[in-house]
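Single-letter residue listing:
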Amino acid sequence: MRFPWWSRKQRQELDEELHTHLEMAARERMERGEEKNEAARAARREFGNLGLVKEVTREMWGWSWLADLYEDLRFGARVLRKSPGFAIVAILSLALGIGATTSVFSVVYGVLMNPYPYAHSDRMVHLVAHDTAGNRRFVNLNGSQLQQLQKASCIESAAAMDEWNLTTTEGDLPEDVQAVYLTSNSFVHFGVPTLLGRGLLPSDAPDGEDPESVAVLGYKFWQRHFQGDPDIVGKKIQLVHKTYSIVGVVPPRFTWGDGEVYLPLKVTAEPARTFFIMIRLKPGVTRAAANAEFQSLLEQFAQQTPTHFPEHFHVTLEGLNDQFVSDIGGTLFLLLAAVALLLLIGCGNVSILLLARATARQHELAVRSAIGAERSRLLRQLLTESLMLSITGAIVGVALANGLVKLIVNWLPEFSFPHEAAISINLPVLCFSVGLALLTGIAFGISPALQSARPDIAQVMQSNTRKMTVGVHGRRTHGFLIAGQIALTLLLLAGAAVAMQGFLRIVNMNLGYDPHNVMSVGIPVHDNTYTTWEARSAFFHQLLRKVSFMPEVVAAGLSTNATPPNNGWEQRFEISGKPAAEQQRARINFVSSGYFSVLRIPLQQGRLWDETETLRGAKLALINQTLAHQYFPNGDAIGGELRMPEMKGEPPFRLAVPGSDSWFQIIGVVSDALDDGLQKPIKAGVYVPYTISMPVFTQILVRTQVPPLTTLHSIREQIHTIDPDQQAERDVRDLDGWIRVQPEWGSGHLVATLFAGFAVLALALAATGLYSVISYAVAQRTAEFGIRMALGARGKDVLLIVFRSAAVNVAGGVLAGVVLTILLNRVLARWIQGSSLNIPILFGVVLLLVATAGLSCFVPARRASSVDPMTALRYE
Amino acid sequence: MAEKRERYQNRIELLQGTLDLLILQTLQWGAQHGYGISVAIRNRSGEILQVDTGSLYPALHRLQKQKWIKSEWKISENNQRAKYYRLTATGKRQLTRERSKWAHLSDAIAGVLNPFEDENEP
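Those protein sequence lines, which keep their order, are chains A and B.
Reading the first sequence from the start, the letters are residues 1 to 876 in my numbering.
Reading the second sequence from the start, the letters are residues 1 to 122 in my numbering.
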């Protein structure tokens, strides 16, 4: 016996020591006059058995437990290698459960539980005002209101921010840069140390003066634009012809406002100039108390600047993650439930496999204990074997978790999770699922040893193994496990089917417009440019003309806020001659007349406005069918008038024609197109010429022959010829892409694909579980079947016997699964929007499961029925 | 082979206490290698005690594990590399204990074998 773990050195030293002994003995004999060969022989004779001396000496080294372990491992590996199918299925079952659970939970943890790097992010909130119709909007405050707010008793600190698109003005084409302006206390407010250099300081923005030209870079921008230059601090960057010195770089998880550069914000006393407000509450302040304080404070503010607030509102505070939790929380928890089921099914599968094998190995264990193996030694052997399986499964599972996390992160709907989230494998959950897998392996792995610990050895050995049928107890455990597995699989399949149905509904939705080969190029207008109505409308008109004359472009349209499927500015409106309902609201879209042909939205009645009407800002309106049906049920919309009382200019930002809040003439009705996302019903919509009211941003919608994004560079060049400083947004998508970033699409896609994947895996696991149980049972009853067939049973009869034994378990499982699914249907319906369980789904799922189960039984049953009776009888 | 092994093990058992004492005592006179120890025991016992290698080496390795002796490779007087064993401090204390135990034992055995010797001598 050779034990490789004793160090080679130790063994060599023993060899040498004994060899020296022999040499010394021989030398002494030679000194006494013996002949050389004779002396050596005599010395060896006197020494005794060299090998045996070595062995008994080595035993003193005291490593025999390790020797046993080595034995067990070698034996275990041999046993597993002899049944690779069993080993692979068991390992994969565990690995899938571990990998899926860990990865999904890691995403849940990263996105929902701990997404932010900011200090005390649980106390960071935003102000939200709700109007009486249930619309919510963020409250922005001006400089003096911010100062009053900071004195509120529940506030620990408050900071303000603003966003603007700037451009680099050094390269060929201007590059869009997302600037976030922050008050100088913001870096203290966030409490995140910079990666390089420093953050913004109070000295960067002294009260009442223009701020210093300093910039802190966002991590991604630093990587992209400066290739992660480690000596960046102190260098300069030019943005819209203004030079800033770079004072610092924020760490990767600091992505507030998805800023690429962070610049000091100038807080002015101008009442119309408002900022987004960031608040951290004092510890221990309840939301209710804070809401009450802010309600009265904001009511005061609303008297100062009534246009910044809804008419009647109530204030609530919204935590940083509240929106994301409601966007994607349900989706992720649903997935978590799915993977938990998968883990259970996986562990169930391993238990079934181990139990089935245990029954088959009872004979072997009985023989081994009959020839003197101690019970503890047998236990240890079985434990080693099942631990080998579990540990291999765990290792594969960890690798799988790693890959799956990356996949899920790629599939997360882009704007439905905080970009601060650092999603990585969550250790506690990894330990939990690995632990569960190990426990399953141990518990079911040693059960045969526990059973055969008090075996009637004689009985087991006398009854020829193969003829023995499984004991009643073993069969019942198998039955329960199989039925449980099938029930859970059915639940998972039904969930997957519902999710897929929901997603297919979104994919096949009638949009009302044609998104293919159309893209939307966003164009942010620079601060202090085109500040008069005439200048800005001329600029927009020129942009549209240049682009529409490009050879690649089939049609072009301009809209400042109307890229579907979630578009328009929701406002109150009135219809001339009709009393306005309390909440009569519509989505107002500012578009050019080309918009409708680009998107292929058909005109139902009336006419579109023409170019001259656009250029003079004619007060004409088109309405969608929803509005027409709702407010002009007699079809007399055309010729009617409507007005949007809130539609006023806010120069220099929003430039409107005089009388933009007065009456508009309705000249036509267009078909409905989605305007409130993919799942909600279409809202009443009004289209007016874009020149009526122009913000500091516009979009050009372009229909092309080729994939539209390939023409983007030439479009940027065209824009450049009009205004060398004018950039287009960096993140340009085609309209199919705009559909995919809708949260409904993203979470529907995530749930449907992952759920379906997990369900298929669960089905495969359940099938292998059933298959192996039936196979073992059949193998053990081979002789019995032989006898039956020798006595005249036909193959068909044997087939029936096998099927009947499985049918009870499968039927029980299916029944339990159906009941479970119906019970949980409510939960499912709440989380998967736009789809619910129905009879065809339930029926289809049951059919699929029964067919799979039938196939898993059929293969081994077929083997049993085609056996030759004589062979079966002789079969040991 | 199993049978032979058994025999060796039995001898170790038989000799254990005494062989340990003899080895420790031999090493008190200075570091020595395995062969040297067996020769020393043989010579000092007037060629009566022949130490079996199958007992000697396990005993040496066991005593080393118990930290009563230490080993190191040195060059012998015949210019040969050999593993030398030497007593440790705990080994010395153990030797004292073993010696007094042996003295008690041999006194007791002597007393049993010659009950009247003491009275007869004067």
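Among these hints, one or two may not hold up.
Below, simulated SDA-like cross-link-like pairs (lysine to any residue); rule was C-alpha separation at most 25 Å, straight line [stated by the list, open to error]:
| no. | chain 1 | residue 1 | chain 2 | residue 2 |
| --- | --- | --- | --- | --- |
| 1 | A | K36 | B | N79 |
| 2 | B | K67 | A | K236 |
| 3 | A | K406 | A | P252 |
| 4 | B | K65 | A | Q12 |
| 5 | B | K65 | A | L52 |
| 6 | B | K83 | A | E23 |
| 7 | B | K67 | A | W61 |
| 8 | A | K9 | B | R42 |
| 9 | B | K83 | A | H19 |
| 10 | B | K67 | A | R29 |
| 11 | B | K83 | A | Q10 |
| 12 | B | K83 | A | E414 |
| 13 | B | K70 | A | R8 |
| 14 | B | K70 | A | L336 |
| 15 | B | K70 | A | L52 |
| 16 | B | K70 | A | R45 |
| 17 | A | K36 | B | T18 |
| 18 | A | K54 | B | T18 |
| 19 | B | K65 | A | E55 |
| 20 | B | K65 | A | L18 |
| 21 | A | K82 | A | T612 |
| 22 | A | K9 | B | Q80 |
| 23 | B | K74 | A | R29 |
| 24 | A | K36 | A | E23 |
| 25 | A | K236 | A | D725 |
| 26 | A | K36 | B | R42 |
| 27 | A | K54 | B | S76 |
| 28 | B | K65 | A | M30 |
| 29 | A | K54 | B | E72 |
| 30 | A | K406 | A | V429 |
| 31 | B | K83 | A | R45 |
| 32 | B | K65 | A | R8 |
| 33 | B | K74 | A | M30 |
Only some residues are given here: those of chain A computed to face chain B with a beta carbon under 7 Å [unchecked claim]:
| no. | residue |
| --- | --- |
| 34 | E17 |
| 35 | T20 |
| 36 | H21 |
| 37 | M24 |
| 38 | F47 |
| 39 | G48 |
| 40 | V56 |
Hints in this document: simulated from the structure, not taken from any laboratory.
Since we're looking at a predicted model, the values are computed, not measured.
A virtual CB, placed ideally from N, CA and C, is assigned to each residue, including glycine.
Going through the hints against the structure:
At roughly 19 Å between alpha-carbon atoms, A:K36 and B:N79 fall within 25 Å of each other, so this suggested pair holds. With a C-alpha separation of about 71 Å, the suggested pair B:K67 and A:K236 falls outside the 25 Å cut-off, and the hint is violated. The hinted pair formed by A:K406 and A:P252 meets the criterion: a straight-line CA distance of about 17 Å does not exceed 25 Å. Between B:K65 and A:Q12 the alpha-carbon distance is near 18 Å, which keeps this suggested pair within the 25 Å criterion.
Proposed proximity of B:K65 and A:L52 is supported: the alpha carbons are some 20 Å apart, at most 25 Å. Among the hinted pairs, B:K83 with A:E23 is consistent with the structure: their alpha-carbon atoms are about 13 Å apart, no more than 25 Å. Using a Cα cut-off of 25 Å, the hinted pair B:K67 and A:W61 holds, with the two alpha carbons roughly 13 Å apart. Only pairs whose Cα atoms come within 25 Å are accepted, and A:K9 paired with B:R42 is rejected, the gap being roughly 31 Å.
This hinted pair checks out: B:K83 and A:H19 have alpha carbons roughly 11 Å apart, not beyond 25 Å. Of the pairs offered as hints, the one joining B:K67 and A:R29 is violated, with about 34 Å between alpha carbons and a cut-off of 25 Å exceeded. For the hint pairing B:K83 with A:Q10, the CA-to-CA distance comes to about 12 Å; that is within 25 Å, so the pair holds. Among the hinted pairs, B:K83 with A:E414 is inconsistent with the structure: their alpha-carbon atoms are about 72 Å apart, more than 25 Å.
With a CA separation close to 20 Å, the supplied pair B:K70 and A:R8 stays within the 25 Å bound. With a CA separation close to 61 Å, the supplied pair B:K70 and A:L336 exceeds the 25 Å bound. Our distance criterion of 25 Å between C-alpha atoms is met by B:K70 and A:L52, whose separation comes to about 24 Å. As the CA atoms of B:K70 and A:R45 are separated by approximately 29 Å, the hinted pair breaks the 25 Å bound.
Using a Cα cut-off of 25 Å, the hinted pair A:K36 and B:T18 is violated, with the two alpha carbons roughly 35 Å apart. Taking the CA atoms of A:K54 and B:T18, the gap is about 22 Å. The hint holds against a cut of 25 Å. This hinted pair checks out: B:K65 and A:E55 have alpha carbons roughly 16 Å apart, not beyond 25 Å. For the given pair, B:K65 sits about 18 Å from A:L18 by alpha-carbon distance, which is consistent with the 25 Å threshold.
Between A:K82 and A:T612 the alpha-carbon distance is near 85 Å, which puts this suggested pair outside the 25 Å criterion. About 19 Å separates the Cα atoms of A:K9 and B:Q80, which keeps this hinted pair within 25 Å; it holds. Note on B:K74 and A:R29: the hinted pairing holds, with a Cα-Cα distance of about 23 Å set against a maximum of 25 Å. Using a Cα cut-off of 25 Å, the hinted pair A:K36 and A:E23 holds, with the two alpha carbons roughly 11 Å apart.
Distance restraint check for A:K236 and A:D725: the Cα-Cα separation of roughly 19 Å lies within the 25 Å cut-off, and the hinted pair is therefore satisfied. For the hint linking A:K36 to B:R42, the alpha-carbon distance of about 23 Å falls within 25 Å, and the restraint holds. Between the alpha carbons of A:K54 and B:S76 the distance comes to roughly 22 Å, so the proposed pair stays at or under 25 Å and holds. Between B:K65 and A:M30, the direct Cα distance comes to roughly 35 Å. Violation of the 25 Å bound is thereby established for this hinted pair.
Under the criterion of a C-alpha separation no larger than 25 Å, the hint pairing A:K54 with B:E72 is consistent with the structure, at around 19 Å. Distance check on the hinted pair: A:K406 and A:V429 sit about 17 Å apart at the alpha-carbon level, within 25 Å; holds. Taking the CA atoms of B:K83 and A:R45, the gap is near 22 Å; set against the 25 Å cutoff, the hint holds. A C-alpha spacing of about 18 Å is found between B:K65 and A:R8, which places the hinted pair at or below 25 Å, so the restraint holds.
Restraint check for B:K74 and A:M30: satisfied, since their Cα atoms lie roughly 23 Å apart, inside the 25 Å limit. Against a cut-off of 7 Å between C-beta atoms, the interface hint on A:E17 holds, since the closest Cβ of chain B lies about 5 Å away. Because the beta carbon of A:T20 sits about 5 Å from the nearest beta carbon in chain B, less than 7 Å, this interface hint is met. Because the beta carbon of A:H21 sits about 5 Å from the nearest beta carbon in chain B, less than 7 Å, this interface hint is met.
With a cut of 7 Å, the hint placing A:M24 at the interface with chain B holds, because the nearest CB-to-CB distance is about 4 Å. The interface hint given for A:F47 holds, since its Cβ lies 5 Å from the closest Cβ of chain B, which is under the 7 Å cut-off. Among the interface hints, the one on A:G48 holds; its C-beta lies about 6 Å from the nearest C-beta in chain B, closer than the 7 Å criterion. About 5 Å separates the beta-carbon of A:V56 from the nearest beta-carbon of chain B, less than 7 Å, and the hint is met.
Taken one by one, the earlier hints fail for this structure at numbers 2, 8, 10, 12, 14, 16, 17, 21, 28, listed in ascending order.
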